[in-house]
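S.K.: Residue numbers (my numbering), protein chains in the order written: chain A, 1 to 292; chain B, 1 to 469; chain C, 1 to 88.
In short, the hints are calculated from the structure, not lab data. All values reported here derive from a predicted model rather than from experimental measurement. It is possible that part of the hints are untrue.
[As the list claims (entries may be wrong)] If you want the footprint, here are the derived chain C segments under chain A, 3+ residues with CB under 8 Å:
| id | segment |
| --- | --- |
| 1 | 7 to 16 |
| 2 | 63 to 75 |
[Unchecked claim] The calculated label-pair distances, taken between Cβ atoms and stated as ranges, are:
| id | chain 1 | residue 1 | chain 2 | residue 2 | range |
| --- | --- | --- | --- | --- | --- |
| 3 | B | Ile-459 | A | Arg-52 | 43 to 51 Å |
| 4 | B | Arg-252 | A | Arg-207 | 17 to 25 Å |
| 5 | B | Arg-408 | A | Glu-117 | 51 to 59 Å |
| 6 | B | Ile-459 | A | Arg-207 | 55 to 63 Å |
| 7 | B | Gly-20 | C | Tyr-36 | 19 to 27 Å |
From the three backbone atoms N, C-alpha and C, an ideal C-beta is built for every residue, glycine too.
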Amino acid sequence: MRRSLLFIPGNNPGMLMGADMHGADAVIFDLEDAVAPTEKDAARILVRNAMRAMPDLGVEVVVRVNPLATDFFIQDIQTMVPLHPKLIMPTKVASAEDVAHISAAVAAAEQANGMPEGSIGLLPLLETAQGIENAFAIADCDLRVKGLLLGAEDLSSDLQAIRSKQGAEILYARGRIVMAARAAGVEVYDTPFTDVNDAEGMAEDARLARALGFSGKAVISPRHVEAVNAAFTPTEDEIIYAREVMLAIAEAQQQGRGAISLRGKMVDKPIVDRAQRVLATAKQLGLEGSDL
Amino acid sequence: MSKLVHSLADAIRASGLQSGMTISFHHHLRNGDAVLNMVLAEAARQGLRDLTVQASSLFDVHLPLLDHIRSGVVTGIETNYMAAGIGRAISEGVLQKPVVFRSHGGRPAAIESGRVVIDVAFIAAPASDAQGNANGVLGSAACGSLGYAIPDAKYAKKVVIITDHLMPYPLTPHPIEETDVDLVVQVDSIGDPKGIVSGTTRITRDPVGLSIAKLAAQVIAHSGLMVDGFSFQTGAGGASLAVTEYLKPLLRKQQVQGSFGLGGITGYLVDMLNEGYFGNLMDVQCFDLAAVASIRDNPRHQEISATRYASPNARSCAVKSLDTVVLGATEIDLNFNVNVHTDSNGYIMGGSGGHSDTAEGAKLSLIVAPLFRARLPIIVDKVTCVTTKGSAVDVLVTQRGVAINPRRQDLKDNLKAAGLPVFEIDELQAQAHKLTGVPVPVKPQGRVVAQVEYPLGGIVDEIRSVCAE
Amino acid sequence: MKVVKTASAGTLESNDVLVTVEPGEGIKLDIESVVYQQFGQAIRATVMDTLAALDVTDATLHLNDRGALDCTIAARVETAARRAGEGV
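Chain A with its partners taken away, still in its complex shape (with noise of 0.2 Å):
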């Protein structure tokens, strides 16, 4: 369950101590472009150390490495992976074949460190046109891979596009990689917002994702985190709902009746499985009327 995931600045002390605070489903701990350069090393050590004094957070833990061309990426793979992030979020990933180069690294490591191949997953950040154009091939090739992230403040420079609160120079973006990522079957989360003082923008922008099919957001400012939970956090109406729909095939199947309607509607497959996801989301949270 990731409505959320926050990312926290890889070489800030203070908010590395306090990442689990903020309610977030996940934290990404940033080695790459929170970072400058020459602190890349600095940073490193930081989270190295932070995650070492705190094992059990009690949140999901995803760290953001430098890209494959770098100097950096290697160190970072090397030094991240024995400390058993859920994810490691490798940048700038443009094809399958980044992927495997990656994926291979990651391996070496487990094996350096006596971990069971496949422990730690990667969440490629696709941000370039590349990236994005094979967006399915990059969620598909490699079982490692548990789910994509659109970045488009760098895509859409790549693009040579506009960036906009609206996001209109992202849409075809954000409806392939969501079509990619389920073609594949694995998760798939929107781009984060970024004027921190918009609360109002922010709400809308998490309902869209939502909309679109993502499975959650990323977040720049822990002043975000509630609005984007709220988007991914069934609602009692839909909860209702589903409940009715379930209560309803059940009814159906004992009544030996193919097919049924409820509200007015014909309850098919799609309407099932929705109401499936719901109750399911729900109970996972832990939300009132998701036992059934």
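Keeping the supplied structure of chain A fixed, place chains B and C upon it in accordance with the hints.
M.R.: Same frame as chain A, now just chains B and C:
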């Protein structure tokens, strides 16, 4: 004979001020005050010495006080709060005689009972007429309520009004009345408006502070006190003020009609009054322009004196009717005693203000604080200085959970049943120590530089100099 | 590891520590901290442990601490030492 004199120098002469006497000041002009410095500078010029300054609070704008101490003009200080700049010097031993710390309720009680005798009260008034009818709501240095000045006006032997805005007689409103005033003098400026009130008060943006505030609001919601007639007070900043934001939706949901907000009033409480959460505001001090405008224009926003606010000698006072107060702490110990007088190194950087009064008076007293600040755990084995006794403190709220005073089993049961993260206070301390390590306790060993008087008058603690002697 | 030049790591932000490592004889520590009275000994111990783990036996260190936790102090000391050193 006219009360109106031409200069501060004349006013001081006419007041009969002699060396060795006690002079008093209120702190409604806060860090923008010019009056205390002005009066002491003139007293020094006139060769006066050995004065005791009885000020409801002292801020770093009053740092020139230290020069007057070093030159012998001032030899005694009595106050309810002392900012860190002056506090540091006191902790290092600049003053021979121990400072007497009281609280916002203990000070009027001491004045009224005669334990404190004020020879001359110098009352800064944003607006006054020539007879001394004065208020804080008009004029360019408007500060709102003059609550802390009222006991001085009533009990001092001589009362001098210092204003920069002389208005026609008879001035209204008149929390300070001509019947108590001896002299009135007009000066160019009594203070800097920017230091007197903030433009607007903003609640904290710090995620830790906000999550503490959210939990505190939930504690209040499950205390059984959030019913019609609910009353509430909060500190002016940090996590305390943020509690109001989280409380509002909970009050709305329960459809609670509150009776009054008390304090220390900011625009946030003014909004709550205007939005119908409370029927009244009882105001002993205004913190921002919104509060000043409201007290001036809204009859349900009442000015109250320090006596009515919290004097334990009065037949009753507002804090005794208060349901909930949210307060801060630099330290809290395993017995729930709270320190807001010193930092963990023993340096004076505060004082009770209304802390002990409200904690003792309110039915539910909450302390909000992070588990640690810059590696220093808030929960200590024994506080460096007792400001408020543990028996008056009900709940500690941190970002990792709440601890409840063992005297409140009822509360503990309610909050546990509500699913809130309830711990023993030593468990929360252990959580902090796991991250910070165990600190070496620091207890200054020098001579006594301050005594802390509890509202009813007894000495609850002493503060020693950080310099060994 | 041998310290061959001067290097720093960390910042003066709250919860952090600025560490400077330079060549020296034996280990010399100069520690300034906002929590010196409460944690001075603990800070010293953490620095010594970190240097020992890196096999640094000769260096002079200056620390300006703003309330960093042990894991942060160790991280900044290690980073500064590696930047100042050769042979790791």
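S.K.: Each hint: holds or not?
M.R.: Taking the hints in turn, this is what the structure says about them:
1. 7 to 16: Per the Cβ count (6), the hint holds.
2. 63 to 75: Since 7 is at least three, the answer is holds.
3. B:Ile-459 / A:Arg-52: 43 to 51 Å: holds, 49 Å
4. B:Arg-252 / A:Arg-207: 17 to 25 Å: holds, 23 Å
5. B:Arg-408 / A:Glu-117: 51 to 59 Å: holds, 54 Å
6. B:Ile-459 / A:Arg-207: 55 to 63 Å: About 60 Å separates the Cβ atoms of B:Ile-459 and A:Arg-207, which means 55 to 63 Å holds.
7. B:Gly-20 / C:Tyr-36: 19 to 27 Å: violated, 42 Å
Hint check: a violation occurs at hint 7 only; the rest are consistent with the structure.
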